[in-house]
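**Q** Chain residues, written in single-letter form:
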Amino acid sequence: MRSFSATGGNPQLQNSSQSKLDSKQPSPFDHVGIRPVKRPDTAAYFMANPKYADLLSAITSIAQQHKRPEYSRTQVKRGRWIARKTFESQHSIKMNGNEYAMLTRQLNEADSVYIRDKSERDTVGLYLNQFRRGYSHVEVVGMDGVKKEGMEDVGNKKKKIKERPNTSWKRGMMDSKGRWRAAGKRKEAIACAWLVPVEQNADEAAKVKQPANSAEAVEAAASDATASDAADFTTMGQVLVNGRPLPEYFIRSTDRESVLFPFTVANKNGRYNVFIRVRGGGHTGQAEACQLAVARALYAANRKAHAAVRAAGLLFTDGRRVERKKTGKPKARKSYTWVKR
Amino acid sequence: KLRSGTSTSVNLANANPQYYAATPRVMLQTLNAETANSAHINKFMQIDDAFLESIGKGHYPGYLETDFKLFGQAALLYRNLTQQLVDQLSEYSKTAAPKKATVIDGKNGAGKSAELMKLASVASSSGHIVIYAHSTFPWVNSSRPYAPANEGDLFVQHELTMELLRTVLSLSKDALMKVPLGKNVTLGKKSLAADKTLADLVEFGIHTPSLAHDALEQLLAIASAQTKVPVLIALDNINTLWCNTLYRDQEDVVLPANRLRLIRAFLPFFEGKAALAKGWAVGATSYIDTRFMPKDLRLRLNPPAMIPITNPDVASDPNVKRPSTDVPFDVIKIDRMTATEAWALMVFYQKTSVISTPVTDALVSQKYVVADGNPRQIFGSVTAYF
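Protein chains in written order, with UniProt numbering: chain A, 1 to 341; chain B, 1 to 386.
Incorrect hints may have been included.
Claimed, not checked - With the Cβ distance kept under 7 Å, some of the chain A side facing chain B (calculated, not the full set):
| no. | residue |
| --- | --- |
| 1 | Asn96 |
| 2 | Asn273 |
| 3 | Gly328 |
To be verified - So these bits of chain A aren't anywhere near chain B, every CB distance computed over 12 Å:
| no. | residue |
| --- | --- |
| 4 | Lys268 |
| 5 | Asp318 |
| 6 | Lys325 |
As the list claims (entries may be wrong) - Simulated restraints, written as ranges between beta carbons of each label pair:
| no. | chain 1 | residue 1 | chain 2 | residue 2 | range |
| --- | --- | --- | --- | --- | --- |
| 7 | B | Ser143 | A | Phe316 | 36 to 46 Å |
| 8 | B | Ala275 | A | Gly178 | 31 to 41 Å |
| 9 | B | Gln84 | A | Val196 | 24 to 34 Å |
| 10 | B | Asp289 | A | Val196 | 48 to 58 Å |
| 11 | B | Lys99 | A | Gly178 | 43 to 53 Å |
| 12 | A | Thr284 | B | Pro328 | 56 to 66 Å |
No wet-lab data here; the hints were simulated from the structure.
Even for Gly, the Cβ is constructed at its ideal location relative to N, Cα and C.
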């Protein structure tokens with residue numbers, strides 16, 4: 001049976017219904033003998049997802065009540081609000097992707113408004129904090145600033161959300177051993193890459209600069225590339241995938257080029273030793289998962305120098321998946337041969 | 001089978017000259033005993049024409065035929081490893097020969113056959129007696145005639161032996177003429193006097209195919225015992241010495257390689273049962289045709305990663321067996337090219353119009369990393385269309 005007290009319910013409605021219930025005025029239905037049914041607190045009671053509807057309306061009302069600055073999409077940071085799954089686990093609100101997008105849009109708007117009244121500002125801030133990502137202490141409160149009924153009374157202690165393992169390395173970060181680490185996915189393949197910069201040998205670089213004899217010096221002068229151009233690199237990085245060299249693991253040259261594309265874009269071929277662990281999927285999926293992992297790790301190593309990686313669109317996960325088979329069809333889109341009779 | 005881009009690039013050498021530009025010929029120094037020094041490291045050098053004629057034009061080991069056809073000339077990179085091999089050859093020609101033979105091993109396309117070819121070329125020009133076989137696959141792949149020997153359970157290959165003797169004579173005739181037989185050598189019904197030289201012995205074997213095996217065995221016996229002239233035995237595809245051949249005997253049983261008289265003549269040098277008094281026995285493995293790479297030898301040369309046993313109880317347990325890595329020869333592993341070698345390779349490719357783009361740091365490093373420093377992979381990456 002649905003509860004009357006939905007999260008973020010309208011306090012005005014709550015108060016009015018509560019007052020009605022408490023009053024002992026005679027009802028026109030007393031002589032009929034019909035027991036009246038309590039009116040629900042909110043109109044959302046009759047909707048498919050009342051908790052979500054109440055939450056959305058409460059947050060929308062914050063933005064509508066106060067003047068807000070010009071909304072700019074670039075000012076919004078991604079990953080600001082808790083995930084859709086967290087809404088389900090913490091607040092018992094289920095929603096699909098579109099509903100989540102709409103909610104976060106309203107949350108961003110509500111967060112951007114300026115509220116003059118300090119107490120109201122604190123209340124609204126406290127209310128919005130329970131949906132903000134990264135907050136270790138959460139007090140589930142309603143719009144009226146009162147703690148929600150039915151929640152555990154922890155007294156002076158602040159209720160902590162369940163600590164999740166730190167997965168920020170997946171987007172690219174330096175680990176304790178000084179390696180740049182990141183993960184990538186493509187279809188069913190998952191890859192994890194570690195990057196370590198290669199140290200150049202200054203002595204070998206100096207030797208390469210001098211031509212051997214006069215004949216070679218003439219050749220070197222005539223050619224487009226001279227030995228001095230080779231002085232920039234003397235030690236090349238190696239790429240190992242699941243412990244095997246890159247050409248041994250990926251036999252197709254396109255897959256190898258795909259793995260190394262982030263380095264080519266950033267013009268850093270051979271500057272890093274790369275170790276990749278990949279599993280799942282096929283060879284192309286694994287290659288592109290490795291590409292994403294390498295791109296993320298490379299971008300994390302030096303964002304300014306490797307900005308070309310982001311500009312090339314290598315940091316975005318390709319979300320395409322195998323389309324499901326439909327009933328009445330042999331495959332996702334293919335149809336059976338039409339037979340006239 | 002060459003990929004489309006590579007095959008097109010290679011075959012353009014025979015294309016219509018009205019439409020296709022000829023491959024530019026790069027002036028290179030010829031590789032010989034004088035030019036084989038550290039000053040030419042990381043530079044391309046041309047193989048001596050006399051050496052190429054001796055082994056027969058077109059009889060190039062491994063994939064080198066494709067390379068030479070594309071370059072328009074027989075040129076190889078003089079690497080750091082080459083200099084080390086040349087230094088070793090020089091040392092063994094002056095001092096006592098090593099007790100064990102040496103085998104050059106590495107991945108496909110690492111440059112094993114090329115190194116052996118360069119070594120044989122340098123040895124030939126420096127006055128060694130060079131017994132060089134650019135490929136031993138024809139010895140075991142049943143492409144050449146064979147016959148049971150008159151005595152014993154061996155099989156003979158007169159044609160192949162005769163060709164080998166012809167190669168030996170053309171490579172090192174002067175060196176052979178310096179070594180007298182030292183004893184009367186009887187081959188069949190003919191006898192060679194003690195004052196005759198090894199050159200006479202080899203010529204006799206060439207002109208008498210039925211006695212070619214005897215001549216080769218006498219040549220090896222005398223050459224390995226003398227210290228006047230250093231000897232170089234260089235066999236490519238050395239793994240064929242221990243493989244199962246494609247020949248069958250009279251009972252239709254597959255012949256192992258050691259039942260071929262030609263192979264049995266060289267086997268003692270690479271199994272540590274015979275040694276040269278002065279000189280060096282070198283071989284190079286090949287993984288091109290895995291039928292002739294015995295599994296046992298492959299495991300010994302490339303053992304799996306083994307964690308050292310620290311538990312004394314486990315270490316002393318006789319039932320615990322680990323793969324054996326013992327081989328009767330010394331192994332030289334060819335690893336990846338260095339960055340400077342890759343640079344020199346790409347510069348040469350640009351000079352010979354194999355690549356048309358200028359050689360830059362980015363290009364070389366990209367090709368190097370994609371190929372993991374393997375020369376064959378770099379060549380394939382450069383010439384392939386996709």
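**Q** For each hint, tell me whether it holds in the structure or not.
**A** Evaluated hints:
no. : hint                                 : in the structure
1   : Asn96                                : violated, 43 Å
2   : Asn273                               : violated, 10 Å
3   : Gly328                               : violated, 39 Å
4   : Lys268                               : violated, 9 Å
5   : Asp318                               : holds, 22 Å
6   : Lys325                               : holds, 32 Å
7   : Ser143(B) with Phe316(A): 36 to 46 Å : violated, 56 Å
8   : Ala275(B) with Gly178(A): 31 to 41 Å : violated, 51 Å
9   : Gln84(B) with Val196(A): 24 to 34 Å  : holds, 29 Å
10  : Asp289(B) with Val196(A): 48 to 58 Å : violated, 38 Å
11  : Lys99(B) with Gly178(A): 43 to 53 Å  : holds, 47 Å
12  : Thr284(A) with Pro328(B): 56 to 66 Å : violated, 45 Å
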